[in-house]
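Asker: Reading the sequence shown from the start, the letters are residues 26 to 318 in the numbering used here.
Be a bit skeptical, because a hint or two may be false.
[Unchecked claim] Pair by pair, the computed Cβ-Cβ distance ranges are:
(1) 72 x 298: 38 to 48 Å
(2) 292 x 85: 41 to 51 Å
(3) 224 x 147: 39 to 49 Å
(4) 305 x 284: 27 to 37 Å
These aren't lab readings, by the way, just hints derived from the structure by calculation. Where a beta carbon is used, it is the ideal one built from N, C-alpha and C, also for glycine.
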Amino acid sequence: MSVFSKASVASAATTSLFVLLWSSGAIVSKLGLAQASPFAFLLLRSALALAGLLLIGPLLGLRWPRSRAGILRALGTGCVLLGAYQIFYLLALSTHVTPGVMATVMGVQPILTVALMERQRSWSRLFGLGLGLGGLVMVVYQGINLGGLSLAGMLFALLALASMTCGSILQKRITDNPMGTLPLQYIAGFALCALFAPFQPLHVQWNASFVGALLWMGLVVSLLATLLLYRLIARGNLVNVTSLFYLVPAVTAVMDFIIFGNRLAPLSLLGMGLIVVGLLFVFRKPALRTAEA
26 MSVFSKASVA
36 SAATTSLFVL
46 LWSSGAIVSK
56 LGLAQASPFA
66 FLLLRSALAL
76 AGLLLIGPLL
86 GLRWPRSRAG
96 ILRALGTGCV
106 LLGAYQIFYL
116 LALSTHVTPG
126 VMATVMGVQP
136 ILTVALMERQ
146 RSWSRLFGLG
156 LGLGGLVMVV
166 YQGINLGGLS
176 LAGMLFALLA
186 LASMTCGSIL
196 QKRITDNPMG
206 TLPLQYIAGF
216 ALCALFAPFQ
226 PLHVQWNASF
236 VGALLWMGLV
246 VSLLATLLLY
256 RLIARGNLVN
266 VTSLFYLVPA
276 VTAVMDFIIF
286 GNRLAPLSLL
296 GMGLIVVGLL
306 FVFRKPALRT
316 AEA
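All chains should be modelled from the sequences, with the hints used to inform the complete structure.
Answerer: As structure tokens, then:
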């Protein structure tokens, strides 16, 4: 039997596409924020994603939860995963957090997921957790002290990390028709953004650059990439799925350098290296013990 089965190739293609699309989010959001205020961009992006989902939902066979508990669970998950996460993410970018630093902060999500989901941890995993968190501290310290970033910007980035982690855990716990909860979650996310919008400046410069960024973020990232993420969460182990976010910082950093010319400072690169090494310890398979003769 061939090692490269159709299922493995399809799985690799799905995960690779997700990483590429998700990595582009910080870059394209930065382009959109150059033409619009954060909440104006977020509202338009969310509305476009919601409209797209409602149009293709019947083609995907999405069925809304029938029970009251299922509806409330979907709405709560949507507020965290599609509302709070996007709000804090864009606020971080709008307060001068570079896409590379933002991606690195989000890259610590697998470590938090392991810490919250697993009850029994080996010393190897605990050591990996320590390395990864140490790397995150380096990136945050670098951003505040040497990159000219504000404490508010890094706070928004950490809140985005917390929202994404908690939202992913909540989504994994939805086992009955998980994809069918998407329309309700998109509605909840849009409603949360709209709730804060009156207290935020709203302005847009309509030009080709903004329209392109809006279409990409609304239809490609917020819709297609999110559908891929939910599909991966529903079918795989949550820790393994969130480990994909370790690949995002490097891909985003390359995009950030090519498009904006932003280089990660040495301390940030060291922090990223520690996160990657921590990943090796966290997900290292235990050695098999050989039976004594």
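Asker: It remains to establish, for every hint, whether it holds in the given structure.
Answerer: Now for the hints, and whether the structure bears them out:
no.	hint	verdict
1	72 x 298: 38 to 48 Å	holds, 40 Å
2	292 x 85: 41 to 51 Å	holds, 45 Å
3	224 x 147: 39 to 49 Å	holds, 47 Å
4	305 x 284: 27 to 37 Å	holds, 30 Å
Every hint from the earlier list agrees with this structure, and none is contradicted.
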